[in-house]
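Asker: Chains A and B are the protein sequences, given in the same order. Numbering of the first sequence is given in our numbering, commencing with residue 492 and proceeding in unit increments. Numbering of the second sequence is given in our numbering, commencing with residue 106 and proceeding in unit increments.
Please note that the accuracy of each hint is not assured.
[What the hints assert, rightly or not] Only some residues are given here: those of chain B computed to face chain A with a beta carbon under 7 Å:
# : residue
1 : V177
2 : L240
3 : G242
4 : L252
5 : V376
6 : I425
7 : L431
To be clear, the hints were calculated from the coordinates, so they are not data collected in a lab. It should be emphasised that the depicted structure is a prediction, and the values quoted were computed from it without experimental measurement. All residues carry an ideal CB built from backbone N, CA and C; glycine is no exception.
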Amino acid sequence: MPIQKEPARRVKPYQIIQAVTGIGCAGYLLYRLYTVLIGSPTYGTETWARFMIAGLILGSVYALIAIGYTLVYGILRMINFAHGDIMMIGAFGGYFTLEAAKSIPAGGSNFSDAYPFAAVLAAFLAGVAIAALSGYFLEKIAYRPLRGAPRLVPLISAIGASIFLENAAQLLFGAQRRDYANPAVLTRGEGWTLVINGAKVILPYTGALTVILSLLLMVALYMLVMRTRLGRAMRAVSENKQVAALMGIDVDGVISQTFIISGALAGAAGVMWGLHLGLVYHFVGFIPGIKAFTAAVLGGIGSVPGAMLGGLFLGLVESLGPAVLGISFQLKDVIAFGILVLVLIFRPTGIVGEALTEEKV
Amino acid sequence: MKKLRIGPNLAGVIILAVVLALFGAIDIIRPFGLRFSDLSGRVVTIDTMIRIGILTIVVVGLNLLMGYAGQVSLGQAGFYALGAYASGILATLASRHGMLVGVADTWWWPWLAILIGMILTGLFAFLVGKPILRLKGNYLAMATLGLGFIISILSGQLSTLTGGYDGLTGIPRLRIGEFALWPAQRYYFLVWGAAIAVIVVALNIVHSRIGRALRAIHTNETAANTSGVDTEHYKVLALVISAMLASLAGSLYAHFQSAVSPSPFGFKASVELVTMAAVGGLSSIWGAPLGVAVMFILSNLLQSQIEAVFHIRGGEYELIIYGLVLVLIMIFMPQGAISSLGAWRRNARREKEGAA
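So that you can see chain A by itself, here it is in the shape it has in the complex (with noise of 0.2 Å):
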């Protein structure tokens, strides 16, 4: 355990192998952001801007995902492995919704447009409800039978869990992307124009949605977990089931609500995803997954706070990693995997994590 205290003991070459290659590393990285930065800036504050906004508002959806993992393995000690696809469900579910208001008449155009507040609404509310339930259902039916089964076994029944899901959407769906039909207003790429630098930088409306709605998400799950009944019971549960158990909490229930809870942030992240990026096919959920996934653990799983943090702190190094390590935008992923390990290995409390015991891992 990389917690516990080690007697002092002969320094092994192997880490101080370790130590040099972590010393170049960030000796690299500062060289990187100097020479970027100050020495031959490659971009203008403009790009920087561009770099910043779509970070944040990469970042805030994989916060509120990054939430229901956090929450799921603070009661259970489980990956929810399925949960991205989770999130792809409530993001089919207001596709689904903006498409049928899109063909209702109204107001001389189409319900979509003509009242584009309560279409949105409908298709957060639809996405929401749909990812809950099937969070609901995915607890019941692929991790509850496994309570109490070695550890690997719940996370190969949560892959399985994964893969079933995807596939049963591409047989349900199809496997063509799907345009997401914004209602005229929240039209994508559209939004309110900053002049920096005497360039043009958009930031768009469906973006500064995505980023205030998933605030105000965090902060209700926030006060949700702290000042609530249930929430009092999550942690209870989390700390540990039998006493919880024996304080007359509900502890099936407890944990059939964090699935609802945590799927239904998911779908709210799903709709996001769907009106900002536009796109969604049966596999839109898998990678904001594992990222989110990341971010979970880069912000110490188990720890709501930490996982916000995580997800915006991922989603800015994902648009800003590359500029600043002046490589190809294509490897922003293996940035993305190669923080999940490096923190994994050095730090696997994360950034707020709390310590972890032997039963925690």
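Fit chain B to the supplied structure of chain A, relying on the hints for placement.
Answerer: Here is chain B on its own, set in the frame of chain A:
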């Protein structure tokens, strides 16, 4: 003097070898114009058998790592890819880059390349294994997953070396002197020869000091450590062995396809490997060929049936069943098919004895 006894493992190896040799011989001799695939209603062709053999090698390694040492790997396809690319790059040095002409176009060079690939992959596994294997459970699973992702993304992106997403083509077939191990009927014997050799080696490892140490780690790492087992050493060793086996299989795959591209080595592949290992039973070397064969034949059958029934083609709908099988196996027989069969037989026997 000890009497020479033929245990179940030796008997199993001999039976497997004889049966497979007979199957292979059918395709070479072709009695009455019969072919191997005719025996199974064209579900199992010689191609399928070769693929099963190749994946058996990977899954045996995964069994050692996951079943015996208890260390999860969700990135095994990464090591598989390293082997395939090592063979692919080295064997096409002369034809693609005009390097090492006179050496890189001899018949023994691809064989040497397989060995180099195994050594490099083993070395890589050693270097990453040291820090990564300090992690446990879910954390280890996610770290290996990240590693597998990085390898698969890089194999698509480093296009000067790997040919990008189009991949490398024109990888020569293996031959010994002038004797080409091709067509597939001949390659079959090489692949299964290697697979059986790997099974024998793995069985020996399992029943040696290393195997005992790995099982001790699996049962209780702290206890193993206190009893003087250098747990870190043995865990890394298990990872290195499994990585080298995956690399060998990757090389065989590259020479079989005569091409490599990133697509068969992604996360899906890692999961399929774990599924196969889990279906066969993680803590049994014999589970490896069984699990691979069951999943292969199941998915072949499903693909043809789904196409016939729903008139849809090209999709990978049989993957749904992969997911479902994975969940059901974990719920109903988490020890895998072999152990469950064993337990079932033991129960049946006990009931019979109870009745008598």
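Asker: None of the hints should be skipped; say for each whether it holds.
Answerer: Against the structure, the hints:
Contact between B:V177 and chain A, as hinted, is supported at the beta carbon level, the nearest pair being about 6 Å apart and thus within 7 Å. A least Cβ separation of about 6 Å between B:L240 and chain A falls short of the 7 Å threshold, and the interface hint therefore holds. For B:G242, the suggested interface contact is upheld, since its CB lies about 4 Å from the closest CB of chain A, less than 7 Å. Using the Cβ-Cβ criterion of 7 Å, the hint placing B:L252 at the interface with chain A is satisfied: the shortest such distance is roughly 6 Å.
This hint holds: B:V376 has a C-beta 5 Å from the nearest C-beta of chain A, less than the 7 Å allowed. At its closest, the beta carbon of B:I425 sits 4 Å from a beta carbon of chain A; the interface hint therefore holds under the 7 Å criterion. Of the supplied interface hints, the one on B:L431 holds, with its beta-carbon coming within about 3 Å of a beta-carbon of chain A, less than 7 Å.
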